[in-house]
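Chains A and B, in that order, give the protein sequences. Residue numbers 1 to 306, in full-length UniProt numbering, belong to the letters of the first sequence in order. Residue numbers 1 to 428, in full-length UniProt numbering, belong to the letters of the second sequence in order.
By construction, these hints were calculated from the structure, which means they are not laboratory data. Treat the hints with caution; some may be incorrect.
[Said to hold, decoys possible] As a list, the in silico SDA-like pairs of lysine to any residue whose alpha-carbon atoms are at most 20 Å apart:
# : chain 1 : residue 1 : chain 2 : residue 2
1 : B       : Lys-257   : A       : Trp-227
2 : B       : Lys-257   : A       : Tyr-159
3 : B       : Lys-304   : B       : Asp-393
4 : B       : Lys-261   : A       : Ile-147
5 : B       : Lys-261   : A       : Ile-152
6 : A       : Lys-177   : A       : Val-194
7 : B       : Lys-304   : B       : Gly-78
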Amino acid sequence: MFDLLPHIVNGLTLGLLFALIALGFMLIVGVMEQINLAHGSLFALGAYVAVVLLGPQPPLPPGLFEWWVGQGLGMRYALTLLIAPMIVGLVGAVVELALRRTYGKDPLYGLLLTFGVAMVIEEAIRSIWGTRDYSLPTPTTIAGGFIAGDLIWSTYRFYAAAVAAGVILLTWLFIEKTPYGAVIKAGAHDSEMVRALGFDLATLRTGVFVLGTMLAAFAGIIMAPIWGIRPHMGVDAVVPAFLVIVLGGVGSFWGAVVAGLMVGLVVGLTGAYASEWSLLSMYLLLVAVVTVRSRGLFGKKSILEA
Amino acid sequence: MSEREVSRRRLLQGSATAAALAGVGSFFGPWHHNRAYAQSKPIKIGLTCDASGQYGNSGQDDLRGIRMAIAEANARGGVLGRKIEWITADTETTPATGTRIAERFVREEAAFLIGAVHSGVANAITQVAAKHGIIYLNTNSSAPSEAGENCSRVKFVWDGNGSNFSKAAVRNAVESIGKNWLLLTNDYVWGHSTSNATKALVEAAGGRIVDNLLVPQNTRDFTSYLLKVQQLKPDVVATAIGGDDIKALRTQVAQLKLDGKPAWINNQQDWPDIWGQPDTLFGVFGTTWYHKLALPGVPEFVAKWKAAADGGAIPVPGNVSYNGYMATRELLRAIERAGSTNNIKIIRQLEALRIPAEDRMQHFEAYMDPATHQLQQTIYLARRNVKPADPTDLYEILSWTRPQDVVDEAAAGKCKLVPHDQVPTVDA
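Just chain B, same shape as in the assembly (with noise of 0.2 Å):
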């Protein structure tokens, strides 16, 4: 028996002490870094995909996009002359994989972090950036929190959200089809927040909500909360449920009969959710893009998108890998414009952030607001097209709403940013 070998007490005592420190360490700091790497260096990007869970879809689609604004700068000859490299791992939509992945890219010296789809993720992803001064880009978690109580000086959100959507959505829809609502609620942060919006926009409208029914994540069978929606016969069941909860939603809305009465109004719909089962699209939703907006340069994108997506699972790009890719193109033109890679530099560049409507291939000009760090951005309404001209063509876009018009008034509030000069410097 060898004098080194550890005993199992031992080996307790050693983990248990070591995850006391690790606790200790992040609850006492270090708060402020100042970091920079040497200049002959490529800029690293780390890419916060989801490749599984319930958004693991969603991700592989969101990082298609970024990829795709990362070798269009690569091509023009990177970025203040430097080449960009990304690394990319699966934070498998838990948010304790994106703190590790997160954690584990800040020391490898990524200078920015891209992407989210599932705001737990987001907002764990977010603690590690603001502690360590990085740049992250939320592309496509929607949860209002995210640019409310959730938000930070080093975030930036790039997708509509739930407060969005429903302001697009629900006045008109309170006044055309009824005030009994019924909310059909995941249960985890975007959910709540999402409904909390609708219920308020609801009630401001004089409508009336009859019940809020919360559905946990990974709920694969909706039959009892059907059956309630059909007791309780709302005028309109407005659905906060996302990832592949949504999609056996559909399933089964579809398979009862139920997607013509009551209305649905569904929030957001993201591509890689509806793709593959069109049949079951049902009620009118919200998006930020589509790829058959009738507007200059979308072809153009959707050509350049399929040649670099090379056959992937979805045909055509869809919001997800649309807000993927604008938010990435944005932060490198943005450090272009700071003509540095300094965080603060890039941080106020896109702070002041203004996009022309032709440039974004959206019906307005989009802006970040720097009170919440969130773009505020045209947002579209669509209904399932009943006259498709080609597989891919399943919305039919019903409208779109300038984003000075369906902005979340509430987010400012919840936000509280940190001046500039407490943020931890960084220069990649």
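The shape of chain A in the complex, shown without the other chains (with noise of 0.2 Å):
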């Protein structure tokens, strides 16, 4: 059990990170009946906007820029948490008007405007930063490792795990205990009583996936020190995404979270004990559960069994 216990945290910290990555793409199917095929591509895209904030040149305007180099990697990387989401979260908000005509139509033409969207973006980060790898720099404070048992533990992955448990949280408090949460729920199962009740239709559906977004891009910096930067990062992304929101039941906020914990559990487990199946027993884990339960593990009624 000793030898287990490691890989045990080490699963469950990988596990919150997966539901994290999944988080923005669980919002936006869930909420919108969307699937966002560029989810993978806004979360690189979030970590590449970091990369440029905490560079040595970002592209500030004078005043602005000698203030921002003049703090320290802490502050910078802190305000960096919050400003690179906005920008790329703007990238959202063209997507979602792009997107605005595909909405009441067949659920293929969402699909294939957000794969194409996926693409610009990718070929965008290779002829804006090429194809070499970038590192984030970290403030030391959550860099390096400390020693528990006699191992040595990833600060980081620490931290990583415990953001992206308080963001998972922050994100389900907003959805289920303020007006707009419900507004927001109110609009994915009825959205024709929700306009008849005077509220914008299409300002919430914008607002829905530009939080989604900003979750992507969140996610991307939060994984760049894990994973390093190159530009098909966001491939990497989007398929433990998918497979987490399948998995968990599409809409179901609680089993995305369960359902990437369980990945990351079997991931690492399968990683210390039966290596060659590690990327493998996360598909696995899939097929057995939709054999048993088609709509996963806590799924409603959705647009895949429409």
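Combine the two chains into a complex, taking the hints into account.
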């Protein structure tokens, strides 16, 4: 059991990160019934924008530039966690404007559009930043490792898992406990009624898409020091994100979180004890679950069954 | 409703029949072609370089070197008085795409194929090249199997392979660092064949393999593997991890501060996998060339490459671009020496190839092994340079080993080359 414990802890931290990656994806699927295949590219874009902001020459106007580079890395990193998702969120708003024409039509249109957007963003990343790898500078307080038992653990990984848990909780509170969240949920169930009650449905949808995009970008920044930053890192993110929401049940918030933890545990444990199965294990888990429960763990009726 | 409309069922039946016929066609041949292109045509070469996938960066770096060699030849008036033309397409680090692109290039009358980093892609291209008799230069795939069980009369392998690098590193490491070794192996042909070679060498030197952890391709999180490394406490971890996977591994090893103990032997490190993240460069690793080797001709080559690359993503040539350049240059020279584009004549020229050290900008003469078609060349061991002269000076070269001392002896026994007269003849 003592041998197993580090791998369980590792699996759970990894699972929280998978859930974080899936969170924005889940929000847009669950609320807007749109599968956003650009999620991975927006995830990558978040990491690249963070690299620019934390790099030695951020493109800022004089005055602001001097103030920014004069700050310590810790302050700049904290501000980047807020600013970079906002910048990527603007891209999300543009995507949503294009996506509007597909609402109420065959879901294939939305799928194709977001797939096209994913390719455009990835190629834009290659054009702007090239194909080389980048690493994201992180403050020394969250870098390095610490010894627990006789094992060295990554400080950053625990920090990332804690942040992921915090963001998941905040998102849940926003959806469940605020009037805005209530309108978003109502819009998902009966958009015509929400419109009849005087809410601006277009603005609501834009808001949800932008929030989902910001969560994708945020996840990209958090994962960057672990995975590294390269143009097709988005593909590495969108596949587990899709898998997690299908496993958890499309539209289920806590389903996605539980599924993320399960995937993390399975990948972590197979990595340690049957390493050649570690990537395949998440797919096998999905097959096992959807075979006995086609809607996923906590799924409700959704567009996938329409 | 038009009578000509094809029903879905009919379409599926037609597709199935076509697929079956295609399968039968490739199984039963044709095995022998006799093809002659018009002499007035330029010589066309198909460059099978990945532009995406795990080795997308390396594939494009390979392409830079290949293009440079072709441009130099054209600037001299071409080969046999004929211009060299090239076509390229993204082989996507995917064997199936490699096959498709190679077939397309053959249809487009490419007389030679050059390029590959991933051994699965290289092997797929080899099958196409062998079927049509097209000479294929595997520039940068370093699986021992490429010059072993997957060798071919039409294929020439230009990179050092996993066995060569292991031979250069293992004996010394077993004696000086420790006997307990852990293998981290990318779960595909290059990873397996490289780790097998390392295992044999470790055991021959009196060492012991405590475990071999198979790492699926496209793994991004290595924490469970690294925890296992910590639990097993090996003296040495020998990795056969490539492409984007090794980048992720290096990031995480550095993050966990595991880069000091245990000792890491990382087989070959391709320059495109290093560039951009020098802080994560750990352990001892192999290479075939470095842009700061203190040898005549190196600075001039670097300057030429920089001018030709015209501000690409990587500012200096590394081993991948170097291999692409050298392979292409030697093919074009072999055509000149043969005085013909006849594939059999060129194959014989390449089989007898010897390249003086100064001409290759390496420490020792290189030679083509006629039994395996792998270029035997100087193997360098390096580690991270802690006192770089400039931002590109990432390596400290620790040793250079003669080609004769790192020969992969097992390859000749596994490689069965068909006789020359059984190769379909091609004349561009």
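Here is how each hint holds up against the structure:
1. Lys-257(B) with Trp-227(A): Holds: Lys-257(B) and Trp-227(A) sit about 16 Å apart, inside 20 Å.
2. Lys-257(B) with Tyr-159(A): holds (16 Å)
3. Lys-304(B) with Asp-393(B): Cα-Cα ~18 Å, so holds.
4. Lys-261(B) with Ile-147(A): holds (14 Å)
5. Lys-261(B) with Ile-152(A): Distance ~12 Å between Lys-261(B) and Ile-152(A) Cα, so the pair holds.
6. Lys-177(A) with Val-194(A): Since the Cα atoms of Lys-177(A) and Val-194(A) sit roughly 18 Å apart, the hinted pair holds (cutoff 20 Å).
7. Lys-304(B) with Gly-78(B): holds (19 Å)
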